[in-house]
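Engineer: One letter stands for each residue in the lines below.
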Amino acid sequence: MPVASSATTGDEIEVFPRIVPAGDSAILVELGSEIDPSINDRVYELANSIEQANIDAVIELVPTYRSILVSYDPLVAGYSEVFDLLGSLLDSSSASEEKSGFEAKIIELPVVYGGVDGPDIDNVAEAAGMSRQEVIDIHSGVDYRVYMIGFAPGFPYLGGLDERIATPRLKTPRVSVPAGSVGIAESQTGVYPNASPGGWQLIGRTAVKLFDVEKSSPSLITPGSKVRFVPVQAHE
Amino acid sequence: MTLIQDEGRNGYQQLGVSVSGAVDIDSLAIGNRLVGNNKSSAGLEVLLGGLTLEFSSKTVFAITGADSSPHLDGVAVPMNVSCVAHPGARLELGMVSSGLRSYVAVAGGVAVAELLGSRSTHIASELGGIDGRPVDEGDVFELGTPNVEELSGLILEDQIVLSGELTVRVILGPQDNEFSVSGIDTLLGSSYVVTDQSNRQGLRLDGPEIESASGRYDIISDAVVNGSIQIPGDGKPIILLADRQTTGGYAKIATVASVDLSILGQASPGTIIRFVGISVEEAQSLLLSREQRIYETELIDVVDSLTVQVDGLDVRAGVAENGSVKLANIEGSIYPISVDEYSPAE
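Protein sequence lines correspond, in order, to chains A and V. The working numbering numbers the first residue of the first sequence as 1 and each following residue consecutively. The working numbering numbers the first residue of the second sequence as 1001 and each following residue consecutively.
One chain only, chain V, in its complex shape (with noise of 0.2 Å):
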């Protein structure tokens, strides 16, 4: 399943409008970086893999998130790079090999129409996106004005790495007051596990039941956020995501941090989940490390000095970091190449 998706819908929430968004944000931010776009563009997040685009005009595009192993015309296409796309060019996402989630990024942006103030999709009330629904085989998308003329392949360092075990920070509340002690000690102290009753609006999760205090759980019902940990009538928690409803009826035990709600994106039933308290003023610190490493680090040029001629052209050619990409870098544009044999040049 592809969605049209963008930091989400804010703004609307009093009137029982939900956020929706990319829910592996920081993959979304990255690849609009990466194609020289604004945060607020549109890309495609795409459940699994499995699509195939077509592109009509020279495009520069990115491909982040989980690994779809992404071929050009036959020829494959790494992840977290700029590439180029010639008029024509087929694009292919394969099966996602870990996490759930890639993120097609394109110069300019998916430009359908905005409603109000965002372009994501939200199937459960049908809004946004297409229709408010799923891309569908044969949709035609215009991108909107691309900010940079050309980009050289660029990569930002330091990928987070998906794993089947996640550490993920939260902080206590806004009704932790709800749950006994020994509630608290269960949720920090136990190991969780991701359940296949697990979507866009959350993950299930299994594991040791949380004891309230008064043996309930219900509670008159108010807001929550993005990374909600709702505890229900079973004990077992439920993080809320992106398509969250605006309201909910269970205690909130915790809220997950801002920067680990991007790998929550990407875990995969069977993930396994253990929580750490970490205070909010952590929390924020670590969200403005977060903003800098996307938005502040220098990008990589991952294309070596071995120049050769091309029908007249100078050519540069090489292999990034990870010793799989093979990319030509012809008059400042990246493209993917296929090169039976490369031996570095002296």
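Chain A with its partners taken away, still in its complex shape (with noise of 0.2 Å):
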């Protein structure tokens, strides 16, 4: 039978970057199996490079911890094309080592925390066996990577959480996470766009309107950008 990719029995070693069918109209370019800076920023140099390439047949690209999805219309290019080009894209991107001198966007967050805005903030510090305000300097006192936005609209993955203040998540989910509440979840550090059910330690909230679909870039946060939380004792 023919198939795109075989089966592996796990235990051998995967050699980087992958690059596999994900279905008839995407590929998926996998840079790396794990949670690493240094693998995220190749993901961001190369959905930029696959971005300047121009590619008829590119419909959008995901980019995510390790790896990008590349859809594309097999009606305009078909697989063996596509895969070509991102084959020397990928070359030329790996071959240049020198970093393109791209500098992360800073977004800056201004947060209320504990209270209403953060109920959770005492399950945190209590966890930390450290106070209330320990917690929200260590929170407040270094920049965010944003890996990779998902799971909601605007919704950033983070990375960088001090892990003294790492927590588990709630026992039991809340049916409703007021919008712009900022949480813990195991080393993860979030911020809900919108209002949704959700399983964080809310430790407390922005005023700032992260996703606006009137706008012509909806998400204030944007992926490979950097997010830096700045205590405010009241909303303006």
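Since the hints were made in silico from the structure, they are not lab data. Just so you know, not all the hints are guaranteed correct.
To be verified - When the alpha-carbon atoms are kept at most 16 Å apart in a straight line, the in silico EDC-like pairs for lysine to aspartate or glutamate are as follows:
1) A/Lys226 x A/Asp36
2) A/Lys215 x V/Glu1114
3) V/Lys1039 x A/Asp73
4) A/Lys226 x A/Asp41
Claimed, not checked - So the derived label-pair ranges between C-beta atoms look like this:
5) V/Lys1039 x A/Gly141: 49 to 55 Å
6) A/Leu75 x V/Asn1147: 17 to 23 Å
7) A/Lys209 x V/Gly1050: 33 to 39 Å
8) A/Leu170 x V/Val1276: 41 to 47 Å
9) A/Glu236 x V/Ser1289: 57 to 63 Å
10) V/Ser1289 x A/Asn54: 28 to 34 Å
11) A/Lys105 x V/Thr1297: 47 to 53 Å
12) V/Ser1163 x A/Ile138: 55 to 61 Å
13) V/Ile1272 x A/Glu186: 38 to 44 Å
14) A/Ser80 x V/Lys1039: 23 to 29 Å
15) V/Val1276 x A/Arg169: 35 to 41 Å
16) A/Lys105 x V/Arg1216: 56 to 62 Å
Claimed, not checked - Where chain V lies over chain A, by a calculated footprint (3+ residues, C-beta under 8 Å):
17) 15-27
18) 53-63
19) 72-83
We treat Cβ as the ideally placed atom computed from N, Cα and C, and that holds for glycine.
Make the complex out of the two chains shown on their own, each in a separate frame, by following the hints.
Structural biologist: Shown next, in the form of structure tokens:
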């Protein structure tokens, strides 16, 4: 039977990049198998060079932690044609070892920590064995990498949370988390752009509108950028 | 439940925006072609039937997808045929007899505002359609400008027949390497049944467990596509459909060939599914044939040449190929008519 790729026993060493079909209308380029800032850098460099190449058949890209999904119209270009184009872009982007000089955009989000805005901050403080203020200082003390956006419109997967304040999810998820809520789940932190069900520990809330369909770039936070949380006393 | 849907909201997945769109995209496409619309026009997706519409102006429409025995002012309307509704006419869709979703296409398309390039409704994120919600009693929508003024009763032959057993063609990957050889054999050699835990986001299947190579099923979350077959920790496949989230954390053993996605939009709980592996090249050539079938096949005029005089007008009347459809052609427009007895012309 002809198949597009073959099964392995799972104990072979995987070689990256791995370019494989994700059905007949998309190709997945995997650049690694872990969450790692340098792999994620390469994801966005490659996404950038695919965009620059302006390939007619390409409909959209979905960059994630360590892979890029390239969806294309197979009635415009077949699998092998797109495969070859991506292969050559990969070759040329890995040939230029120099960083593209790409400076991540930093998005500052004013956050009211604790109280009604962050009802779970005491859970986090207790689990970490520190004061509320220390949690706030640690959480707002670093810039977080936006590894990818997924789950819901504008929902950023942020990396770089200090392990000291990593906290498991709530045992029972909330039916509705207010828009703008800032939460912690294990060693991830993130912001809910819209009200939705959710199980993250909520430590604060921002009044900034993260996702606005009326705008041509609807998401304030974009993949590849960085997020900085700035503590404020009250919403403006 | 009725939703406004079109081809889907492409281009914003990297911002977490789901594509959505008609689950049985072929039926919407056929409906749009029958009423002379562009591919991108929006129609109504009616789950399980049970919708009543009133037209405020003369409108060409067609019902496709699952048979919901539609009636216009009490007269049976054939499926997959373009017909004309007069101002004030009421179109009623009954319960579907098999399958899940009927589509109502109207000339000019349902013209609610576009949001991020699409009119599709995505309920989970409350985007598109009417305020991101299903159509409700009392809603009124504008229609766009029709491309053609009148249409005769047209039908596209060779409709897909809905059945309780489906063979679904898949392309292995992108993460088939996460599964053991026996796991892949299980997927391709077993029967699965669609459970009632299925919706526009995906079909949850029950059947033999699929073995992963390492014993774990989680991967670092990455992008998914329409038709991705995820295997969660219980080893039972989930086929992702139109309303899927943009990313997911389960390994994807295979991906449904695009040409077989539409029929999955009609797979009601209890439907048996068998998977068969094909190459990506085969899947792409099947997709090309599908495009030709839907967009290049000549439409058939369903009305025969019997002509009678009614109130001084020449009226052409007849039956469609299946013998159950009764239509009249009056000055070039096709109307469903009520006929007690019909004998073909000599």
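Engineer: Look at each hint and say if it fits the structure.
Structural biologist: We went through each hint and held it up to the structure:
| no. | hint | result |
| --- | --- | --- |
| 1 | A/Lys226 x A/Asp36 | holds, 15 Å |
| 2 | A/Lys215 x V/Glu1114 | holds, 13 Å |
| 3 | V/Lys1039 x A/Asp73 | holds, 15 Å |
| 4 | A/Lys226 x A/Asp41 | holds, 12 Å |
| 5 | V/Lys1039 x A/Gly141: 49 to 55 Å | holds, 52 Å |
| 6 | A/Leu75 x V/Asn1147: 17 to 23 Å | holds, 22 Å |
| 7 | A/Lys209 x V/Gly1050: 33 to 39 Å | holds, 38 Å |
| 8 | A/Leu170 x V/Val1276: 41 to 47 Å | holds, 43 Å |
| 9 | A/Glu236 x V/Ser1289: 57 to 63 Å | holds, 58 Å |
| 10 | V/Ser1289 x A/Asn54: 28 to 34 Å | holds, 29 Å |
| 11 | A/Lys105 x V/Thr1297: 47 to 53 Å | holds, 50 Å |
| 12 | V/Ser1163 x A/Ile138: 55 to 61 Å | holds, 59 Å |
| 13 | V/Ile1272 x A/Glu186: 38 to 44 Å | holds, 39 Å |
| 14 | A/Ser80 x V/Lys1039: 23 to 29 Å | holds, 26 Å |
| 15 | V/Val1276 x A/Arg169: 35 to 41 Å | holds, 39 Å |
| 16 | A/Lys105 x V/Arg1216: 56 to 62 Å | violated, 35 Å |
| 17 | 15-27 | holds (count 7) |
| 18 | 53-63 | holds (count 5) |
| 19 | 72-83 | holds (count 5) |
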